[in-house]
Amino acid sequence: MIAEWTGKIANFALTLLIVTAYGLFMTAFIERIIAKVQGRIGIPYWQPVINILKNFFKRTAVSHGYMFYLGPVFRIAGGIGTLAFIPVIYGSETFSNFSMAGDLFLVIYFMFFGQLGMALGAGESGHPYSAIGIARGLSQMTAYEVPFALAVISIVIQYDTLSITEIVAAQQGGWQNWTVFTNWVATLAAMLAFLGMTGYSPFDIFLAPQEIPIGPPTEFHSAYLSFMSLNRALFGATKLVLFMNLFFGGATGLIELMIKTWLIYMVAIVVGVAFPRFRVDQAIRFFFKIPTLIGIMSIVYAQMMLTS
Amino acid sequence: MVAAFFTDVMLQPLGIYVLALGAGFLVPLFDRAHRGSAMLVFMGSLAGMVAIAALNLYAIINGAAVIDIETAGIAPPFAINLRFGLFEGGVVLAVNIAALLGAWHYLPSLKQHASALLLYLILVMGINGMVMTRDLFNLFIFIEITSIATYALIGMERTGTVLAAGFKYIIATSVATAFFLLGTIFIYYQVGTLNIDDIISHGALIHGPIGLIATLFVLTSLLIELKPYPANGWGLDVYETANSGIASLISVGVSAGVFFALFKLLPLMDAYLDSIAVVAGATFLLSNIIGLKQHNAKRLLGYSSIGQMGLLTLALVLLEQLDAGAQIALVVGGLFVNHLLAKAGLFWLAGIVDRTNIKDWASIARRPELLILLGLMFAALIGLPPFPGFWAKWELVMLLGSADQYGWILLVLLGSLLEAAYLFRWFSHARKRDDELTEHVCSFWQPAPVAIAAALLVAIGFGMAGTMDLDVPAMFLPLLAGFGLWLIDGLPARVKQLAMLLAVAAGGYWLTQELTGINQLFSYLLVAGGLLISIATIYRNDVRNGFYPLLAVLLLSLAALLRASTTLEFFFSWELMTLSSYLLITLARAGIKPALAYLLFSLGSAYFIFAGFAAAFASTGSILLADLGNVSSPGLVFSLLAAGFVIKMGGFGVHIWLPDAYAEADDDFTAMLSAVVSKAGIFGLVIIAAQLGIRSDIGLDPAYVLGWIGILTATFGALMAVFQEDIKRLVAYSSMGQLGYIVTGVALMSHLGWVSALYLTVNHFLFKGILFLSIAGIVLRTNERLMYKMGGLIKNMPVTFVFTMIAIIAMSGVPPLTGFGGKWMLFNALMEKGWYWIAALAFFSSAVAFLYMFRLLQTVFLGQRKLEHAKLREAPAILLVPQVVMIAAIMAISAYPKLLLDPLSAAINPWIANTLVWDGFALQTHYGYWNAPLIMAIVGGVWMVPLIILLLVSLTMKIQKVEQFNIVYAAERPHRPEDTHFAYNFFAHYDRAIGFLVRPRATAFWNAVIEWSHTLGSSLRVFYNGNGQTYALFILMYFVAMVLFNGGLGS
Amino acid sequence: MSLIADTPISLIVLCSGLALVLIGLWGMLTQRNMIRMIVGFSLTDTGVHMVMVSIGYVTGGTAPIINDAVPIAEAASRVVDPVPSALVLTAIVIGLGVTAVMLSVAIRIYKARRTLMIDECTESKW
Amino acid sequence: MIKSLSTEDTLENSGLSAEEQQLFCNARPKAYEPYPIKAVEDFANWARANSLWILAFGTGCGAIELRPLMTARFDANRFGVAGRPTPRQSSVFVIGGYASVKTLKRIIRSYEQMQGPKFVICLGICPVNGGMYFDSYNTINQFDLYLPVDLYITGCMPRPEVLVAGIMELQKKIKQGRCDGANRYVENFDWYKANQKKVIKNWDMPDYNW
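Chains as they are written, first to last, in the working numbering: chain B, 284 to 591; chain D, 14 to 1064; chain U, 49 to 174; chain X, 25 to 234.
By construction, these hints were calculated from the structure, which means they are not laboratory data.
All C-beta atoms, glycine included, are put in the ideal place defined by N, C-alpha and C.
Treat the hints loosely; a few may be bogus.
Pairs of lysine to aspartate or glutamate residues, derived as DMTMM-like cross-links and limited to a Cα-Cα distance of at most 25 Å, are as follows [as the list claims (entries may be wrong)]:
#  : chain 1 : residue 1 : chain 2 : residue 2
1  : D       : Lys974    : X       : Glu44
2  : X       : Lys222    : X       : Asp33
3  : B       : Lys319    : X       : Asp33
4  : D       : Lys971    : X       : Glu57
5  : X       : Lys217    : X       : Glu44
6  : X       : Lys221    : D       : Glu985
7  : U       : Lys159    : D       : Asp484
8  : D       : Lys846    : B       : Glu539
9  : X       : Lys126    : X       : Asp159
10 : X       : Lys225    : D       : Glu985
On the chain X side, residues computed to face chain D include the following (Cβ under 7 Å) [said to hold, decoys possible]:
#  : residue
11 : Lys54
12 : Ala106
13 : Arg130
14 : Ser134
15 : Gln137
16 : Asn226
17 : Trp227
18 : Met229
Bound conformation, chain B alone (with noise of 0.2 Å):
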């Protein structure tokens, strides 16, 4: 009993540390990407991790009270959290981490617990700006809630069942039985929502570097603000899995894993190279318009599927 659960523990250990290395990885590659697009060469692969490190070494701080200083103990915690109740990799022990302590409903809410801590941290701030940021972040993330919870809602209908695990093994055997080619409207909602939950331009109003001094965590630095870009990293790369998982037919192996998240990572990427950023009552409405009727559409083709 012990040993297992050790094991257990362990195991999710090695899981977390790979897939916050991934998206560190990831983020400088994504930035590399953003720079050659801009004609320049960039920031060398290990900058996040320097960053972060830099971070750690900082020799003074201040604290603002207690929920200040819990704010990104919170935040990881929630990325962590996310991150322990999905499966990363299919039919692996190693990476099946504790999806077993609840569903893919368990995971959606369980988003909200980092986001929630985090809000309030920066709310003892004191400072107008993180307040505001959070305003219109959670407005945001209303929004797109709505097309997310339809696709979900809609593969819930396909496969008939919450367990993500069971969604993956639907998926197995082929491309062709993957949802993005079995269900692509529910794949389709989900992903306009993927824009949304990334932050990425257009969607990036709560962080919005310039009017609001990158929103929420205005107030945040040294270690804290370490905390807090690790979590981006480990969170950003956690979604990207569970997008992976629902939508992408999971992952056997660590490499397959890379490459199809990191496909859907280019996603954001391209579109937020691509376009410049809403206000965020614009990107609520956006939200509320057409990605909600395709995910409308989306259950209605479930359901037509069930029938047929």
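Based on these hints, arrange chains D, U and X on the given structure of chain B.
Positioned in the frame of chain B, the structure of chains D, U and X alone reads:
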């Protein structure tokens, strides 16, 4: 010899006349000698009348024969004879009591002329005569005697207005009586006798046009005397202008006599029952609509009085039609006594307070005894428990239901609702603490007659309860406890609080001890939970007159509600709960206006439930709650009851009462409202769902509609909460939203759905209790309710902040706390049922909920603290104690949901087979699985590890704790916390995006409804132009109309 | 001439009574002066009384006194029905009372407001 | 760890009204020792040198020379240089040319809000001796009287290439552990404050802006 005369004459009903006439002669004599003794004789004779009536009635009830008095020793029809039977006795007694009390009230103005005393006696005697006589012409004479006495009493006044009204009255009634005489003589022409019994027995002889005209003349003139719409302006003018004493006697006494005459002659009117019913019903409904526009106190009472007479007539005729003669005593008698005492009492009260416009009645705001009397009378008039009207209306509606007379039920309930509207609006005016209004002064004894009337009402109501099949001790326990606590209301607050807690604990335990299943579950929630929250009321130690008694009534009536085994008991406790919670809301300073809306919507919901029960009774013939399941038309019954409960829970569209009531009620009572009282609706919903909802033949439709209502409530509740600035309104709207999920869960009609509904119910109790109690603490410390005026309170109230945060996480559904379980189960149940759209909406609304939840924490506890809040202290411990308990419960349930889920599913299993599959700690559904303990452990782990790391890293840094203005402010420094705290209009951008969804349409709609009804009222009262001739014309046209309507031309 | 002779007296009384009733009502409804209205009322009242009397009359009947002139056997057919007459007496008395009260009220109204016009006494309405 | 204040290391924020005193932290800044282990310190310095986050605060005309750094032509990102809009997170403060008295106040506040280790680069001649504004009534002639400077890049104006060169120089210094401006500021805090208050008349902020 004297003794013999005494027993043979005086104690006989005839003695009433002897007394009246004798005193009539004596009073002037004594008056010459000594005014006081004259009054003594006067009162003595009235008391004597009461005594005689009482003795004889007592004898008859104990089986004595019906007394027939034959004047001149000749048997009828050759001589007039009087009868004193059960009904006569009851009416006579009631009228005489009213007359006696009325005389007491009226004495100050009566005693100016001895002749007034005389006239009063004659008037009373005339009424007695109308009741007792069995001779048609004699009836005419008594009517005229009464009328003349009335005219004369009115004529005593000197002011022109009264005299003018009196003249109109005279003209109207004399026209009516002239027709009565014509009718009488034509009847005699055809039947050849004037004895009512003979006329009835030879009713066949009344034939042809003459017979028709004759009966119609008699009938119509009696109806006219009862002031039917629209031929009743003359009566209203008298009610408005005449002295309250005479007005009360006209309203209750004279009308009673005429009404009884109608009752006597009804056998002749079989052909016209329909038209009578229409007339009476129209009068009831329309005069109540017109009442909405009325602000003159006594005229308003006049409208109400006319309406009540209409209701009485309607009830009588309908019972006659359903030949339910047995219930006449209960229904008509109950309504009659109710109207008699309440209306007389109100007229007297109007006389005492002597404020013409009901808006000026605030002058009694500081006279609790007057207020209580007023409230009691109003409650009695609209038939709230425990007054006679309640039982009568119950019986009436049940009968109508069993005869499928749903139209009449609608009319009766609608009329009552309208009456409640204007009566309690009046009460609200009286409750307003308006300082520039001069306080009313009256002697201690002046309200005594009113008080006696109220006492009689309660006593009779209690007596009637004995005749219904009802667990009297259990049902009256709340009132008893409330009364007991009211007696000690003068004691210091601490004592009252203790007594209240003890009373509720003991009573609640006694009421709910042998409950089982769902009722037991709810008893823990409502009684134990209510007790827990009422502990928090100790945080205030001001006087709070009436708060603790009413709170006890509320909580105990909830317990009684759970205990109810029949629909009657259920409805009784329901109404009691409504009334007490209404009064509790009015106790808050600003709570009076919202309370009115609360009451009206609650009554609306109660009437829906009422109608539902009637429909159920119609098909099963049983009032057992357990038999609800056997109804033949479950769809209808379910829809009616569900509508009622949804209104009570503030469903989408009928929610507008909720935020105001929650926001304006006392802070600790708001917690009670949201956490406990709202659960009553859920309880009812679950009960009917269990009885009816799972019936296969009900069809999915009502349940599906209910599911949609629920989810729309959830969505719009959340959306509207997002845009609130007032903290209590925000949480109130959130309360509405959360209840929406529960409604949906119940509507699912599946095991998992119900488990999730009950789970959410418990959860809602926990976090809403915490939230509202924390808010009570915050408001106590800051004296603010607008969130943007707070901020940064985390530094002063860390404990409150932590509790609020936990409550909010539990509400938001973020793992690992309880909310997630509920959302997860609900989502699974929705998917299993295939309600995908509802599921999507549920997802959306729970996402929106994050907005207002964060806003609450951010703008109140985080951000910049105001300078004036720098010294605030933590909320009082007694407010935190209940919260600690609830936090503990939340934590326990989060870590180990089986704790809660097993009893829940056990309570549901009797109705639906268990579908909860446990795999170790994990709950399995068709779709997914949920291993709460493991989740708790993992979250704990992934939270602790980074924390430890951060602590270690912190060791290598110098971390400086800074103050609120040490922020990066674009190379500047903040100047005032107010302009650095981003809180006002927090979600402006969200408003710009989808704010159009939450513009107050429901409010606009209901305002329009109010507007329409008032406009209707004002257009219906155009007939009352105050011109006596117009009134006479209406009366004449009434006769013509009756004749034409009843085929006068045809035959 | 003969027409009137042939018609029974009771019918004439009845018709004229009813006519009086209508005239009286007409008066009460059209005359704004309260005194005139009261007159109208007493006309109505009288009309009603005439109707009552006419109801009881038996053509060619004698006074309802049972003696050798009118044997009991023929009483029903020969004597006038006494009851309506008795009623009329009471009715007249009551009508008198009512009229009296009306007049006194009218007087008081005149004292109080210096007018007898009913349409000037409409301050309490709606 | 979060430390509580003792009396002797507090500042009397005389510039603030009594009411405002409670809104600002009045702690005196503390110097920090290098890490006890040399290797760790070197590694830390290497990391700091390779992740220079410049505060996006153009204090003078030289700010125009900062912008090109990020463009395709110079691409300072290669050296781990990035702009940062908030002083809390940035480690390098580039004084872009002359600093007027009015700006100096903001410069000081922003500098004090940066978390150490933090570095100051003075761009152009003006911060050295006032340059063409040497006799201006409102321009700081000698910047290092007010804040500790780690690197001067002179010229009027120095082109971005020079700026890049300077940054690489700064990196070198940091790696050698010779950039202790933050500590110098703390150690001579009173002297610096005195100088600052001499030129800044309307001192309406705490003595140290945490």
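Hints breached by this structure:
3, 7, 8, 12, 16, 17
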